[in-house]
Each structure stands twice: as structure tokens, then as C-alpha cells.
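J.: Listed here are the chains, written in short residue letters.
Number of protein chains: 2
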Amino acid sequence: MAKKIITISREFGSGGRSIGKKLADRLGVPYYDKELINKVADETGFDEKFIEEEGEYAPNKSFLAYAFAYAGPQRGIMDGLSTADYLWLAQRKVILNLAKEGPCVIVGRCADFILKDEPDAFHVFICADEDYKEERIVRLYGETQMPAKERLKDKDDRRRVNYKHFTGREWGRCQNYDISLNSSAIGEDACVDILEQIIKNS
Amino acid sequence: MAKKIITISREFGSGGRSIGKKLADRLGVPYYDKELINKVADETGFDEKFIEEEGEYAPNKSFLAYAFAYAGPQRGIMDGLSTADYLWLAQRKVILNLAKEGPCVIVGRCADFILKDEPDAFHVFICADEDYKEERIVRLYGETQMPAKERLKDKDDRRRVNYKHFTGREWGRCQNYDISLNSSAIGEDACVDILEQIIKNS
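If you read the sequences in order, they're chains A and B.
When you line the first sequence up against my numbering, it's residues 1 to 202, in that order.
When you line the second sequence up against my numbering, it's residues 1 to 202, in that order.
Errors might be hidden in some of the hints.
One copy or two, either will do: identical chains are not told apart, so a pair holds if it fits within one copy or between any two.
Claimed, not checked - DSS-like, lysine-lysine: derived pairs with alpha carbons at most 25 angstroms apart:
| hint | residue 1 | residue 2 |
| --- | --- | --- |
| 1 | LYS116 | LYS149 |
| 2 | LYS149 | LYS200 |
| 3 | LYS200 | LYS164 |
| 4 | LYS164 | LYS153 |
| 5 | LYS4 | LYS153 |
| 6 | LYS200 | LYS22 |
| 7 | LYS155 | LYS21 |
| 8 | LYS153 | LYS100 |
Calculated directly from the structure, the hints in this document are not laboratory data.
Please construct the entire structure, taking both the sequences and the accompanying hints into account.
T.: And the structure:
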């Protein structure tokens with residue numbers, strides 16, 4: 001198991017988080033998603049809800065309200081950085097430290113880019129067909145005023161813009177990842193099997 | 001084996017053709033690469049060298065010379081189409097017919113797009129790290145006046161432009177394929193194992 005640090009990037013609704021969690025369980029290694037957010041909260045003092053929303057997505061319309069409500073108290077220690085840049089640096093530091101601590105699965109937050117020169121890292125992208133993602137987000141997160149198709153587009157568009165801004169790369173380009181899997185074509189459990197096999201044989 | 005038609009798109013030098021050939025052998029199905037070119041030659045009367053070069057790549061500087069030397073005799077039957085459009089339609093027809101004939105592996109030539117609505121098709125992209133591809137093309141195809149790094153860039157840039165022109169999509173975007181594999185990170189034989197397993201379990 002030479003590949004010890006697995007990063008999982010994913011389209012909204014593709015099941016990437018679920019695949020990452022199952023993979024971490026099979027490999028017996030820690031899984032960082034919400035847990036990573038807690039660490040960034042400790043590092044920055046930012047509210048976890050603010051980090052969850054703004055640490056991975058380009059600002060939406062309510063960004064300013066968030067920024068003042070949640071990030072306001074920290075502005076004095078940000079050395080003139082924007083809230084987004086300050087949060088990026090904090091997330092980057094937490095991810096680099098996690099990779100030093102030992103084997104793990106890290107979901108989202110541009111970890112593929114942050115750990116691109118880490119020889120022990122293996123980078124995964126999970127995508128899925130539109131119908132599959134639409135059905136899945138409504139089943140898991142319920143209906144909202146915004147139709148499922150628009151929710152998918154809004155979230156992934158904001159991930160794409162955030163990724164491009166901080167990494168200079170195109171989000172979802174095959175060459176950024178060691179493997180990309182369409183979970184609706186292959187099946188969620190089969191994706192976990194394939195990843196487990198690759199990591200164990202590495 | 002519900003997924004019977006496997007299309008393989010690949011970066012130049014990534015070993016995608018070799019992976020496709022081995023996969024076809026393991027599955028006991030026909031492999032279409034040069035063989036597809038022969039069929040397009042039968043269909044169009046174009047020279048095979050011309051089809052090989054211009055059927056998958058945006059025109060390079062010598063395109064006009066090629067076009068007159070090799071495609072010239074056919075211009076009268078092209079119904080006012082450009083040589084490139086005529087070749088695209090002929091390739092498309094050959095690929096759709098191959099998919100109707102039965103299980104097979106088809107390499108390159110935008111087959112992933114042409115067969116995107118075919119439920120029995122499974123679409124693969126193979127990429128690899130730069131150093132791996134450079135070493136591989138020099139070992140397999142020898143040195144040329146153009147440095148290996150430039151040869152890789154030239155060929156893939158022309159594939160990208162050709163793909164964008166005829167499909168409207170971005171070449172090498174994860175969402176176009178059911179799986180994308182980095183052959184230098186995973187290993188050529190391991191890529192074949194993973195694909196064989198997915199297809200046999202489908």
C-alpha cells in the first residue's frame with residue numbers, strides 16, 4: 001500500500017463522499033470531510049457552516065452576509081488577506097498536515113491540487129449521469145425551491161470557479177486525477193472495489 | 001457482459017492503444033484501430049495515411065498538400081462538403097456500423113461521442129504523466145527533429161481541436177467517459193485488469 005493518501009473530488013450528487021467513506025472503512029484509515037472542516041475551524045476561528053460553504057465554492061449571492069456574520073471577528077488577524085484567501089491558506093495547511101500524519105481519505109477542498117506533488121497520494125474523481133444525481137440529491141437532501149437540475153449546476157459551477165481561481169486548473173479534467181469513475185455507469189460498490197484493489201496493490 | 005462496445009480515447013504516448021489491444025484479446029472481441037482506417041478507406045477511397053492523420057487531428061501545416069495529393073480524386077463526389085467533414089461522416093458511419101455488428105474495442109476517432117447514446121457502450125480515457133509518455137514515444141517511435149515534449153503537445157493539441165470542432169465537447173473531460181485511468185500511476189496491465197473486470201461484471 002504505497003498510495004496512502006487518497007483524495008476524492010466529486011460532482012455534487014455523484015456519491016463521491018459515500019464512496020470515500022466506504023473506502024476509508026475498508027482500508028481502516030481515517031476519513032476527512034466534516035472532520036477536516038472542524039480542523040479548519042480550530043485553525044481559523046471561522047464558523048463551520050461558513051467554512052463548509054465558502055471553503056469549496058465560489059461565493060454565491062449570500063456571501064457578503066456570511067462573511068460578516070461568520071468571519072467578521074477574525075478579520076483583524078488576516079494580514080490584509082481576503083476572507084477567501086485566508087480560508088484557502090488555512091485549509092491548505094490542514095490538508096498538508098493530515099497527509100504527513102499518515103494514511104487517510106480526504107474528500108473535496110482541492111486536496112488533489114494541494115497534494116499533487118505528494119508521491120504517496122492517489123487522486124480520484126467521481127462523476128455520474130445527470131438523472132442519477134438528480135434522483136439522489138432529492139432522495140438524500142429533499143426538495144428545495146430550486147429544481148434539482150439547477151441545484152446540481154449551481155453547486156458544480158461554483159466548485160469549478162473556486163478550483164480554477166485557487167489552482168489555475170480546470171476542474172474535472174482527466175489529467176488532474178489518477179482515476180475518474182462514473183458511479184452511475186459502474187455502480188457505487190464496484191467503484192469502492194476498484195479503488196480498494198488499486199490501493200492495496202500499490 | 002452488458003457493456004459490449006468499448007471505446008478508448010487516449011493521450012498520445014499513454015499506452016491507450018496497447019491497453020485496448022490487450023483488453024480486446026482478453027475479452028475475445030475484435031479490436032478496431034488501423035482496421036477502422038481500412039474500412040474508412042474502403043468507404044471513401046481516401047488514402048489510409050491521409051485518413052490516419054487527418055481523421056483524428058486538426059490540420060497541420062502540410063494539410064493542403066495532403067488534401068490534394070490523397071483526397072483529390074474524391075472531391076467530385078463530396079457534395080460540396082469539405083474534405084474534413086466528408087471524412088468525419090464516413091468515419092461516423094463506419095463506427096455506428098461496427099457497434100451494430102457486435103462486441104468490440106474501438107480506439108480513438110471520437111467514438112466516445114459518436115456512441116454516447118448507445119446503452120451497450122462503455123467509454124474509457126487513458127492518460128499518463130509527461131515523463132512516462134516522453135520516454136515511451138521515443139522508445140516506440142524513435143527520435144525526431146521535434147523534441148518529445150513538443151511532439152506530445154502538438155499531437156494532443158490537434159486531437160483536442162478536432163474533437164471540439166466535431167463534438168462541441170472538451171476533450172479529456174471526466175464527464176465524457178465512464179472511466180479515466182492514468183496508466184503511469186496505475187500500471188498498464190493493472191488498467192487492463194480493471195477494465196476486464198468491469199466489462200465482465202456488467
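J.: Taking the earlier hints as the rules, which of them does this structure contradict?
T.: 2, 3, 5 and 8
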